[in-house]
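Residue numbers (this note's numbering), protein chains in the order written: chain A, 973 to 1465; chain B, 973 to 1465.
One or more hints might be untrue.
Treat identical chains as interchangeable: a pair holds within one or across any two.
No farther apart than 20 Å at their CA atoms in a straight line, the calculated lysine to aspartate or glutamate pairs in the EDC-like style are these [claimed, not checked]:
hint	residue 1	residue 2
1	Lys1209	Asp1390
2	Lys1032	Asp1262
3	Lys1108	Asp999
4	Lys1425	Glu1404
5	Lys1088	Glu1442
6	Lys1088	Glu1131
7	Lys1225	Glu1080
8	Lys1088	Glu1428
In case anyone wonders, no lab produced these hints; they're calculated from the structure.
One-letter residues, chain by chain:
Protein chains: 2
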Amino acid sequence: MAKELKNLTKRADNYSQWYNDLVVKADLAELSPVRGCMIIKPYGYAIWEKMQQQLDKMFKQTGVQNAYFPLLIPKSFFSREAEHVAGFAKECAVVTHYRLRSTEDGTEVEVDPNAKLDEELIIRPTSETIIWNTYKNWIHSWRDLPILCNQWCNVMRWEMRTRPFLRTSEFLWQEGHTAHATKEEAEAKAQEMLKVYADFAENYMGVPVLQGVKSETERFAGALNTYTIEAMMQDGKALQSGTSHFLGQNFAKSFDVTYLNKENKPEYVWATSWGVSTRLMGALIMVHSDDNGLVLPPKLAPIQVVIIPINKGEEQLAQITAKLQPVIDQLRELGISVKYDDNTAKRPGFKFADYELKGVPVRLAMGGRDLENNTIEIMRRDTLEKENVSFDGIVERVKDMLEDIQKNIFEKARAYRDAHVYECDNYEEFKERVKKGGFFLCHWDGTAETEAKIKEETQATIRCVPFAYEQTPGVDMVSGKPAVARVIIARSY
Amino acid sequence: MAKELKNLTKRADNYSQWYNDLVVKADLAELSPVRGCMIIKPYGYAIWEKMQQQLDKMFKQTGVQNAYFPLLIPKSFFSREAEHVAGFAKECAVVTHYRLRSTEDGTEVEVDPNAKLDEELIIRPTSETIIWNTYKNWIHSWRDLPILCNQWCNVMRWEMRTRPFLRTSEFLWQEGHTAHATKEEAEAKAQEMLKVYADFAENYMGVPVLQGVKSETERFAGALNTYTIEAMMQDGKALQSGTSHFLGQNFAKSFDVTYLNKENKPEYVWATSWGVSTRLMGALIMVHSDDNGLVLPPKLAPIQVVIIPINKGEEQLAQITAKLQPVIDQLRELGISVKYDDNTAKRPGFKFADYELKGVPVRLAMGGRDLENNTIEIMRRDTLEKENVSFDGIVERVKDMLEDIQKNIFEKARAYRDAHVYECDNYEEFKERVKKGGFFLCHWDGTAETEAKIKEETQATIRCVPFAYEQTPGVDMVSGKPAVARVIIARSY
């Protein structure tokens, strides 16, 4: 059984298969009988809950409040903003009826043709339209602004090719929607929320991200600017991990949302929207995990420390438990989540493999000899280093180790990422090298034509114009035209 | 403006209109343009979040884990359990297509007839079917049991008559689904979760509930037993506030879910499901609130204490703020949520009315004279009692008052409920008295015929056979036949 648990595809053999295997074997999620929709299993959901709680706290610290808007959007709303509908119409689930009836022979049910809706309803792929239709009633004067709302919910985009967490037809996310009196305030809010996402990715997920702005082609449908955080997976591909949009007055104009300014004159309202989704689970899994299974950052691990007694017989188990109990209590008092696994139906070897697969950051094990010697075995999941140490001071040691793991996995991921970011000025060279992954810093002439050519010939896309890169003008490597900045180009998920 | 806020329909004039007014005026929710779906506004959602957090904690203490299952259910799954589909088919939203396309003139979008689904999908009205289809793969041996899952999600039931929180087409809820090896264990779990609901209703919402079991007619579609908590509103009507179902082996048989018992023989699995929804918001509002607005239990109030400075000019405001700051800090250190409202754009009178309307449990106000005299005004929302007290010891006083309010509103609601529970043995008398509301303890012969007759003639229904009532046999007041027990009959929401 322990062998079977470990029987994971190796990253070097097939990175994509390794990911799919891991999601299932670590009990994170599985495919459902509904096309492209997944079932998030309790262990996977527990990680998502920890993400939600932290993000929610960070949003609220910026003044954001949660609310809830309807799942279904009337088709006519949806099509009011032209770019928006063009971006989403091809992949939306449509509700056309509101009742089933028995078939004539009474053995089955069928859609009742008498229960057709007057207007079809779309399951929200995102909620700008229904929310801006609502804001119209909430906003009258400058005193009503800003409005800073967020909702945690499910959305649906009928994707043709799906992968658990990375791309699914239904997914869970949060979507923030803010309304402001001025362009400057809205732009600042969009950027502020991107910084919240980057902070969360780096300091909680341990995933280094590059912040930047998307090219026009890659913008959210209806936005004037899309800001993004881009992470690098272990195969060198990019994963867009969160986006924040400056929407200008597009939705305010489509839904006629104006406010009276301090001079009592009507003006259109400025908007932002921003979201992260269960896609973050994909980033978390792919950035840190290894051929033995998941590696989780302690700050998001549902179980931070597992303690396994290795006993011969009931009596020894009782002795080991008595010895360990104060440690368990002290760790819990520190707010550390501890699982004491004294289930005798499973062998220690199975448990070791299982908790390794599930990415529990720290494992303690105590046997008869440890009891005699006042020692304990401690293993850290990130490096798999194992040590037999004195039992005294173990609480402090665990606490320090958790902090060290959190730091270490981030540093490791950052070193990997930094070693795979390349400046590149030659298109032929680029075409060759991009196949092996990595982020390429290349001058771009700013045209959609060049962007399309690169995508067609290499499957790579412009991920963003990075903020934290000192720019000098140059020559576009594809067109030979002048370019004002380097952009990040990479293949992506 | 303060007047307009207060301009609430009186309960005595029109209880139903009072409720609808209050939901809107207190910024809890509003109707959406989608039939029967509501928008939960930030203040309303903040209360729901507090409910969720507490319930979630209580569920987890019983060993329950959260998970997430798909929004959409294939029509064929839905119809596998005959009673279940009969119960829900008449009110479900059906997805038939997965794409829109532009109309010929390019100005609108329409459903793309080429994107018809092979099998229609139902937006979950509840998730037993998709979950039991999943459990089939999770359960093999007795070692895999019990499974204790819960999900927080949205569900959809196409209701014809809707009211905010009480009955809406889309609502938010939690649904727990457990799988057990034995009938006894499943029955015990169903009852355990009912007790969790009752505990939550009474000790957090301050809403007294009667626990009992539903008649066959009123059972959940597919259940062998439905347990319920029933609360009494201020008009004497019942509100079913939470239900827990013992599902027997019905869903296990429909989805072929068996396990190998310790003797290695296959047996069908036993099931429960249990849920509470945003309907609880309706109970919370209707039980405690008055003609001045909401009254919230301190344990669920988003703002527990509001502090309002009543100043003349900036300088005095600075003095008042300096005096109050240590109190604000100390209250927050105690985990009490405090809002210090020093917004000078609104007058104190407006603020007083607004926070009264929003049900903030304790209000403190400090003016120039208080500053001189070292006093402060304290008001409690439940009784509207106002006192000018010494500033010294105000933190302790506020803390005690919050506890007292929590107790008091429960006692008040219980006294009201108890004064409106009647034993009744005469059907003519019953018919007359039930119009004015109240819970009637009546002997029932156990037949669906009698139940239907009562409902038709009085609009009242059997709410439950109450647990906490000492039963003696008697005579059914309608049919004159022998009856083993008294049931609670009432009109309901």
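Okay, the hints, checked on the actual structure:
no.: 1; hint: Lys1209 with Asp1390; in the structure: within (13 Å within a copy, 66 Å between copies)
no.: 2; hint: Lys1032 with Asp1262; in the structure: neither (35 Å within a copy, 31 Å between copies)
no.: 3; hint: Lys1108 with Asp999; in the structure: between (44 Å within a copy, 16 Å between copies)
no.: 4; hint: Lys1425 with Glu1404; in the structure: within (15 Å within a copy, 82 Å between copies)
no.: 5; hint: Lys1088 with Glu1442; in the structure: neither (58 Å within a copy, 51 Å between copies)
no.: 6; hint: Lys1088 with Glu1131; in the structure: between (26 Å within a copy, 15 Å between copies)
no.: 7; hint: Lys1225 with Glu1080; in the structure: between (48 Å within a copy, 17 Å between copies)
no.: 8; hint: Lys1088 with Glu1428; in the structure: neither (43 Å within a copy, 31 Å between copies)
Going through the hint list in order, the structure does not satisfy hints 2, 5, 8.
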